[in-house]
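Q: Listed here are the chains, written in short residue letters.
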Amino acid sequence: MTAFPARLAADEPGLSAADCAHCGAPVPPGAGRFCCTGCEGAAALIAGLGLGAFYRRREAAGGIRPTALPPVDFAARAVPARGGAEHSLDLMVAGLTCGACVWLVEQALAADPAVLRARASLATRRLTVTWRGPAERAEALASLVARLGFQVAPWSAACLRVTEDEEGRALLRALGIAAFGASNVMMLSVAVWVGSDMGEGTRGLMHWLAALIALPVVLVAGMPFYRSALGAIRAGRVNMDLAVSLGVLATTAMSLSEALRNGPYTWFDGATALLALLLGGRVLDRAARRRARQACAELLALQSAEVTRLEAGGTAHRVGAEAVRAGDRLLVAPGERLALDGVLEEGEALLDTAATSGESLPRRFAAGEALPAGAVNLGAALVQRVTAAAAEGSLAAVARLLERAEGARGRYVSIADRAARLYVPVVHAVAAVTFLGWWLGVGLPWQAALVPAVASLIVTCPCGLAIAVPAVQVVAVGALFRRGVLTGSPTALERLAACDVAVLDKTGTLTTGRPELLPDTARPAAALAAAAALAASSRHPLSRALVAACPTPVQAAAGVEEVAGAGLAHGEERLGSASFCGAAEAAEEGPTLWYRAGPLAAPVAFRFADPLRPDAAEAVAALRGLGLEVELLSGDAAPAVARAAAALGITEWRAAASPTDKAARIEALRAAGRRPLMLGDGINDAAALALAHASATPAGGTDLAQAAADLVLRAEGLSALPAALRTARRAQRAARQNIAFSLAYNLVAVPMAVAGFVTPLIAALVMASSSLAVILNALRVGREASK
Amino acid sequence: MNALALLVPLALGLGTLALLFFGWTLGNGQYDDPDGAASRILFDDTEENT
Chain Z
47 MTAFPARLAA
57 DEPGLSAADC
67 AHCGAPVPPG
77 AGRFCCTGCE
87 GAAALIAGLG
97 LGAFYRRREA
107 AGGIRPTALP
117 PVDFAARAVP
127 ARGGAEHSLD
137 LMVAGLTCGA
147 CVWLVEQALA
157 ADPAVLRARA
167 SLATRRLTVT
177 WRGPAERAEA
187 LASLVARLGF
197 QVAPWSAACL
207 RVTEDEEGRA
217 LLRALGIAAF
227 GASNVMMLSV
237 AVWVGSDMGE
247 GTRGLMHWLA
257 ALIALPVVLV
267 AGMPFYRSAL
277 GAIRAGRVNM
287 DLAVSLGVLA
297 TTAMSLSEAL
307 RNGPYTWFDG
317 ATALLALLLG
327 GRVLDRAARR
337 RARQACAELL
347 ALQSAEVTRL
357 EAGGTAHRVG
367 AEAVRAGDRL
377 LVAPGERLAL
387 DGVLEEGEAL
397 LDTAATSGES
407 LPRRFAAGEA
417 LPAGAVNLGA
427 ALVQRVTAAA
437 AEGSLAAVAR
447 LLERAEGARG
457 RYVSIADRAA
467 RLYVPVVHAV
477 AAVTFLGWWL
487 GVGLPWQAAL
497 VPAVASLIVT
507 CPCGLAIAVP
517 AVQVVAVGAL
527 FRRGVLTGSP
537 TALERLAACD
547 VAVLDKTGTL
557 TTGRPELLPD
567 TARPAAALAA
577 AAALAASSRH
587 PLSRALVAAC
597 PTPVQAAAGV
607 EEVAGAGLAH
617 GEERLGSASF
627 CGAAEAAEEG
637 PTLWYRAGPL
647 AAPVAFRFAD
657 PLRPDAAEAV
667 AALRGLGLEV
677 ELLSGDAAPA
687 VARAAAALGI
697 TEWRAAASPT
707 DKAARIEALR
717 AAGRRPLMLG
727 DGINDAAALA
737 LAHASATPAG
747 GTDLAQAAAD
757 LVLRAEGLSA
767 LPAALRTARR
777 AQRAARQNIA
787 FSLAYNLVAV
797 PMAVAGFVTP
807 LIAALVMASS
817 SLAVILNALR
827 VGREASK
Chain X
-11 MNALALLVPL
-1 ALGLGTLALL
9 FFGWTLGNGQ
19 YDDPDGAASR
29 ILFDDTEENT
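Which chain is which? The protein sequence lines are Z and X, in order. So for the first sequence, the numbering used here puts the first residue at 47; every next one is plus one. So for the second sequence, the numbering used here puts the first residue at -11; every next one is plus one.
These are computed hints drawn from the structure, not numbers from a lab. Glycine included, each C-beta is placed from N, C-alpha and C at the ideal position. Check the hints yourself; a few may be wrong.
As the list claims (entries may be wrong) - Covered stretches of chain Z, as calculated for chain X (at least 3 residues, CB under 8 Å):
1) 143 to 156
2) 218 to 227
3) 243 to 256
4) 416 to 422
As the list claims (entries may be wrong) - Label pairs and their in silico Cβ distance ranges:
5) Z:R826 / X:L0: 24 to 30 Å
6) Z:L807 / X:L(-5): 53 to 59 Å
7) Z:E246 / X:N(-10): 27 to 33 Å
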């Protein structure tokens, strides 16, 4: 229990000198105890509230860097209560990782005398705060949480959908009922099994009591299986749930017939125990996946923001993007992402379109030009006239495409259902032959002949087989979650394991998406500082990279003038394109900025590159080692793509690929019988992600890419992908072993059942032991995966 | 037989009570935040304004 203080230190943020005392990020030596003023402020705030114990209680430092509030009207979302005297607000709080975080947030809010109640949920990341006073306090309360270092976002409908898990609750209820039924019926059954001196009347009473409990339990607790089985029959398919449903219902019917004729045993215990066991597996399976879906929803909620609409009178209002209609005018602040399609109303704009087209360099847009939704405004604030409402825009079109692809993926037949396809007809044929053999062949009364027939059903049953795959899934999904890989879809791992070619996007996936200055020994040292002073006043990514690369603190030069489409000027100094600085238009290798100190000085070149992620080469090599061919498919210009491909040793690459090209390439691969694994992060990748056999996206990816992908790599870097692939393959192998094992088990158990040797006691033992065996085998996957 | 007449209804009644109790905890949302509840008990100085 690491939540207990390991040592009795003073209420001081206690970490090594090299780490920020608040957020745990590395701090350069000599820079003090904090990495930034935000963290310093947060620590002071916590100390001021008397909550310094947080630093001792938290389980791990990290992930809590104070941030600005998202541009959202929190006050408008506060819900009034008691006639407006009180208000409450629901927030999604990211970064809640342990009980200490929950404690800190709740206590910090409770320290405000107006706050009546603050309750944060660790599982759902939902914070509900109720306060006395006007709705306008919402902003201050939300900002308090943000200042502590937790990112906040309004609780959205998407969050709600994930957490208000009606189906999960129904499963849990069914499990409770089945467990109640199984234990109580077992109590009666054991009495029959050991009570050989029991009178016939007492035995009949026991049978009927068991029936009284089991009949409603089987009816109610089995609903999840019956519903799924009915769905499969309607679609003309056979699935594992059909086998379970038939097994349980046949056993119950046979037991009822045995109770009617007062036979030696009833099998109600088998039917209810089977339901309880399978429901337990299903509840666990759902819980593992729910955590992953939850984390995905959290990432998405942080991205959703509102837009600023300019009203006719000139006033600005923040409204949800869904409320905007075509023809409205929107104000887009610097650094804001465009939520809607539109045209630029006036002036000029500089937009980062990496997410929509994959280009690594920003593009300039003139007045009247169409601005794509999803691009980020890098220049000054701009006014956009909306051309399509959110539901008709380009983002919605991609979302619709994803839904269609989702439907196609839903038709993927999992290995468990493929096994069921073979298994269901065979087992039921055996049962039918057994019944006919004992009834007509041997001449037993039909009720007695029913017993061995149904016994063969319940012995083969589903138990080992139906739990074989879910058990592996639970373990593998959990192991991946701990490594920062979120798995949402139930068949994702199975599909991932089968992939044989990896198609990678470049910008933002293999590369960091942020240009970096290349070192150049020929460059005069003073030029960098001088150029950075000019660059400090620009939001262009190259300017920012220049400032970031400057080793000394940069003092922004005053009076820097921006020359549209060319560069920056400050007196005689110039920074910008080659022609702007009077440099010869040499063959430029990648993005370059030129700097000229005066009209007569020689221009100095600063070359940039979008650097590969540090582990990109390793990840590509690992994918190759796993037997996958690797392709690069990028929307960026050819030279940049060629360079990245050469650095990673990828021979198969394509540049300037539009979203349609990417989707077409995936379809071509599929048509050729390959199973492509797509890795991408942009809106332009979403279609390809959805069409691929399996897909993954880095955590920084756009919301559409995350919605389209099977896996979200939350941990920084790409090395998680080969690891996930390895885990998926191991899981697949374990699932196959489990299925093979269950079948082998049946080869022994079925003849015994057909011959009539199996009593309910033996059936229960067989069922429990085969389930245990497959669960233990599944646990192996988790142990190996976390190595 | 007399023992059964008392014990069987007693056992079933207790079981049913437990089942009803489980249904109540489920409806009460006690399984909504299992992780949070587990670590919350370690912090005893929760104070709420009234």
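Q: For each hint given before, does the structure comply? Return the numbers of the non-compliant ones in rising order.
A: Violated: hints 4, 5, 6, 7.
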